[in-house]
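Residue numbers (the numbering used here), protein chains in the order written: chain A, 309 to 673; chain B, 309 to 673.
For the record, the hints were derived by calculation from the structure and aren't laboratory data.
Incorrect hints may have been included.
Any copy will do: because identical chains look the same in the list, a pair fits if it lies in one copy or spans two.
[Said to hold, decoys possible] Cut-off 30 Å, straight-line C-alpha distance, at most; resulting in silico cross-link-like pairs (DSSO-like, lysine-lysine): (1) LYS449 - LYS637; (2) LYS449 - LYS605; (3) LYS638 - LYS449; (4) LYS588 - LYS384; (5) LYS644 - LYS449; (6) LYS328 - LYS601; (7) LYS356 - LYS646; (8) LYS644 - LYS423; (9) LYS504 - LYS421; (10) LYS601 - LYS637.
Protein chains: 2
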Amino acid sequence: MESEIIRRKKTRPIYVGPVKIGGDAPVVVQSMTCTDTRDVVATVEQIKRLENAGCEIVRVAVPDREAAMALVDIKKQIGIPLIADIHFNHLLAIEAIQNGADGIRINPGNTGKDKIKEIISVAKERDIAVRIGINAGSLEKDILSGYGGPTAPALVESALRSIELFKDMGFHSIKLSLKSSDVATMIEAHRTISEKTDYPLHIGVTEAGSLVNSAIKSSIGIGILLYDGIGDTIRVSITGDPVSEVGVAYGILRALNIRRVGPDIISCPTCGRCEIDLFKLSEEVEKRLAGMKEYLKIALMGCVVNGPGEAAEADIGIAGGRNMGLLFKKGEVVRKIKEEEFVDVLVDEVKNMVSNRPNNPGMEE
Amino acid sequence: MESEIIRRKKTRPIYVGPVKIGGDAPVVVQSMTCTDTRDVVATVEQIKRLENAGCEIVRVAVPDREAAMALVDIKKQIGIPLIADIHFNHLLAIEAIQNGADGIRINPGNTGKDKIKEIISVAKERDIAVRIGINAGSLEKDILSGYGGPTAPALVESALRSIELFKDMGFHSIKLSLKSSDVATMIEAHRTISEKTDYPLHIGVTEAGSLVNSAIKSSIGIGILLYDGIGDTIRVSITGDPVSEVGVAYGILRALNIRRVGPDIISCPTCGRCEIDLFKLSEEVEKRLAGMKEYLKIALMGCVVNGPGEAAEADIGIAGGRNMGLLFKKGEVVRKIKEEEFVDVLVDEVKNMVSNRPNNPGMEE
Chain A
309 MESEIIRRKK TRPIYVGPVK IGGDAPVVVQ SMTCTDTRDV VATVEQIKRL ENAGCEIVRV
369 AVPDREAAMA LVDIKKQIGI PLIADIHFNH LLAIEAIQNG ADGIRINPGN TGKDKIKEII
429 SVAKERDIAV RIGINAGSLE KDILSGYGGP TAPALVESAL RSIELFKDMG FHSIKLSLKS
489 SDVATMIEAH RTISEKTDYP LHIGVTEAGS LVNSAIKSSI GIGILLYDGI GDTIRVSITG
549 DPVSEVGVAY GILRALNIRR VGPDIISCPT CGRCEIDLFK LSEEVEKRLA GMKEYLKIAL
609 MGCVVNGPGE AAEADIGIAG GRNMGLLFKK GEVVRKIKEE EFVDVLVDEV KNMVSNRPNN
669 PGMEE
Chain B
309 MESEIIRRKK TRPIYVGPVK IGGDAPVVVQ SMTCTDTRDV VATVEQIKRL ENAGCEIVRV
369 AVPDREAAMA LVDIKKQIGI PLIADIHFNH LLAIEAIQNG ADGIRINPGN TGKDKIKEII
429 SVAKERDIAV RIGINAGSLE KDILSGYGGP TAPALVESAL RSIELFKDMG FHSIKLSLKS
489 SDVATMIEAH RTISEKTDYP LHIGVTEAGS LVNSAIKSSI GIGILLYDGI GDTIRVSITG
549 DPVSEVGVAY GILRALNIRR VGPDIISCPT CGRCEIDLFK LSEEVEKRLA GMKEYLKIAL
609 MGCVVNGPGE AAEADIGIAG GRNMGLLFKK GEVVRKIKEE EFVDVLVDEV KNMVSNRPNN
669 PGMEE
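Excised from the complex, chain A in its bound form (with noise of 0.2 Å):
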């Protein structure tokens, strides 16, 4: 049931730890830690919620040598492979290779040359996964001054000339991103980096804002990467609980059906047409369902208009009427339910389809 339009981009495959990404594995969903480092207790209890939301990947920062020392404890305790991302010290790249890390991050723009052919004969050594991440906001101050700023072809330029470093020494193992908070550069970094190399790509907008903000700006620099087929993984980036990070990514992968993680809810805007409550209605079902992994198509429409088209196409639904709805379900009507039972049976309904699934992983709430 994947989508039918888009045409992926076939990559060179990696692996960090056991998650494979490029080549044919699905896009992979990772998130970033906000903890500090050093206090495992807070970022292991934050990385197993992660997990739990379906975060595949997780990044904690490396800012110095306690943190890059704290990755033992973290590592034992969580079941995601660990990145760990550094800036400046290739030192502490080096330490959190040797202290278990499954894969690093380096910015090339704030790391030297030198510098990186250690970090790369090091990651050679222990086959781990690098990202090469670039990103707008720490460029190298020559490529910075050659493109009079933080340009598309400026990033393209940083990537190419880190790569080249890596190639030399037959080190292959490596993801790039090219991260810009404007959402036009980003993608046409991307799409001319996606051309010149057959590396997996880590695509996002980086300080993307708020919750709704960076909805808005990570759905379209991210959307419209993974609809022209490019994009191995994805980073939805937050100013806010990164947990958010990985409803908003699978969100985006669903609305796409690149990846069916969890309910698609349909609920319209209501209008003067609405005569039943389904803000209330809509709120209600997407808490009772947090967390739930299925796919599942539920249509929470407000009247007859486009109500029982929509509730056709789910795999259940409700169209409203006066104080009363139908029930849907695989565009058949099941009944006529009343205002006040509208969470409860729709909630119990889900749960008994999602169940009956043949090989269902089971769902949480």
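Given the coordinates of chain A, work out where chain B should sit on it, guided by the hints.
Same frame as chain A, now just chain B:
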């Protein structure tokens, strides 16, 4: 300062009241009330709030004669063009036009051919605009069965069939929408119709759900089309307060540099490097600047990795350190500020920058 990447497709312009849609006009933002249209006080109050938020055209549901009659009073009290949304009953469309609607939206899927002709002749007489609003949830039965479901080609077929009726009667003041709750269907339908006609397009993902879910689906659907140069007016559909539809709409236009309305807040997701309370800062700044129409790029950055770089690109920004931050303006460090002063200083500086601009259209807080 508009986008250099996007080349907008030229369409045949129409007018909804004084508002031009298509041709060289900016992409127009519209919304729809969720009040009972017969309740004139509540409807006008909501429309006023939409106007304040930057809504440029508003639509109301007209499900019965009483609602059609209410248009007279609503129209007198609002400052933006009014569109009547009609389904099933062509007599309501005619009455809405006679009662002063600046445009009407009809749904060919639930209005008969002959009845549409009657509507066209009144619309022509009164010189108002008509939206042919195709919706996947309410397609003509023969088209639905012919295509085996509400596919993109089915939506296009329905639109083309209706266009013929209007053309035959020499009426060209039309715009088209081919909406679906399925993002890819909506994208493909608009891409196809955009190749086949030059009437302006009203784009949006229908029944997109609650605020965040709709921000995701709408940003992908509307964003991909706008990036391709398709779309003359947009409506974001949200199950919730319609004022938030306007905010998301401008967020999409701003992210693509299509229209610069309101502040663009760049803020990092924070990580183990951050030593200031960036979540609170970004939340507070967003709240205090809500309603501001002036465009300004504001960077709120947790640390020195990308902080100064992003701040250099922004009109104003803060890069955080330990309980303090550096205030930047157009790439220059202005001064150090204490964390407890961040919000007040930033909001004051923003207001000053905006009010000192030539031709300042003013700001609201």
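Verification of the hints:
1. LYS449 - LYS637: between (60 Å within a copy, 20 Å between copies)
2. LYS449 - LYS605: between (49 Å within a copy, 23 Å between copies)
3. LYS638 - LYS449: Between copies, since 18 Å is at most 30 Å while 58 Å is not.
4. LYS588 - LYS384: neither (42 Å within a copy, 32 Å between copies)
5. LYS644 - LYS449: For LYS644 and LYS449, the Cα distance is within 30 Å only across copies (24 Å; inside one copy 67 Å).
6. LYS328 - LYS601: Within one copy only: 20 Å inside, 45 Å across.
7. LYS356 - LYS646: neither (39 Å within a copy, 34 Å between copies)
8. LYS644 - LYS423: Cα proximity of LYS644 and LYS423: none, with 69 Å in one copy and 32 Å across.
9. LYS504 - LYS421: For LYS504 and LYS421, only the intra-copy Cα distance (21 Å) is at most 30 Å; the inter-copy one is 53 Å.
10. LYS601 - LYS637: within (20 Å within a copy, 45 Å between copies)
Checked against the numbered hints given earlier, the structure breaks hints 4, 7 and 8 and satisfies all the rest.
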